[in-house]
Amino acid sequence: MRLLFFAQLKDATGHSELEWSNAGSMSAEALWERLIHEFPALAKHQPSVRLARNGAYAGPDVVFERGDEVALIPPVSGG
Amino acid sequence: MRIEVHFTRERIVRPAPEADAGGGEAGAWVEFAGIVRGVEEGRRIAALEYEAYETMALRVMREILATLAARHPCEAVRVIHRVGVIPVGETAIWIGAASSHRREALALVTEFMDRLKQDVPIWKRRALAAGELSTSSHEPESGNRDSACLS
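Chains as they are written, first to last, in our numbering: chain A, 1 to 79; chain B, 1001 to 1151.
Rather than coming from a laboratory, the hints here were simulated on the basis of the structure.
For glycine and all other residues, C-beta sits at the position ideal for the given N, C-alpha and C.
Do not rely on the hints blindly, as some may be mistaken.
What the hints assert, rightly or not - Each pair of labels, with its calculated beta carbon distance range:
(1) B/LEU1106 - A/GLU19: 39 to 47 Å
(2) A/PRO40 - B/LEU1106: 43 to 51 Å
(3) B/GLU1004 - A/LYS44: 36 to 44 Å
Just need the whole structure built from these sequences, with the hints factored in.
Written out as structure tokens, the structure reads:
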């Protein structure tokens, strides 16, 4: 599973991307649990961050799979 | 509707209306340019650095435009968003829309900008002061952590 971090989340994690080679299928809740365990600074961002799976926003019931690209999308500010 | 969306790291060159509205179907051509302001969050700045999740942003922008076109039929729309370091006064986003009559293109451009600011994964990464601009890379992620991060 490939994880992508943008904007202030790069500062919170120290990474722009990360590979979880040992990740299996997991819910959004399980994904956040592991993320915050590895990067406690993400906890304060969680309420405002949306998850995307393979380039599309993920609904609350989505299951993330081993080969997925998972992006953490903080509030956007384009234009 | 013909949809063209892309990112650039260079200064945006405004396309001529004839590129999208020259086929004879359009009677209106609406342009919008979003310009980097000299003041951000009360602080005078020299530039903004933008970053994007480009593959997703392109997909989301196309989806938004296709959805809006059902309500506001246009002949063509073109969106160019710049990323990297953009000096004050230069264009961060440019949109051109061609339609039979003005209302459709005006509505499409206005609603697209509203949706862009809600859903398209593009960020103002940081603001640069005058002294930082000359030493900054024009690529995203030049890594000056002393600059203000924008949320």
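Here is how each hint holds up against the structure:
1. B/LEU1106 - A/GLU19: 39 to 47 Å: 46 Å, holds
2. A/PRO40 - B/LEU1106: 43 to 51 Å: 47 Å, holds
3. B/GLU1004 - A/LYS44: 36 to 44 Å: 39 Å, holds
The structure fails none of the hints (numbered hints given earlier).
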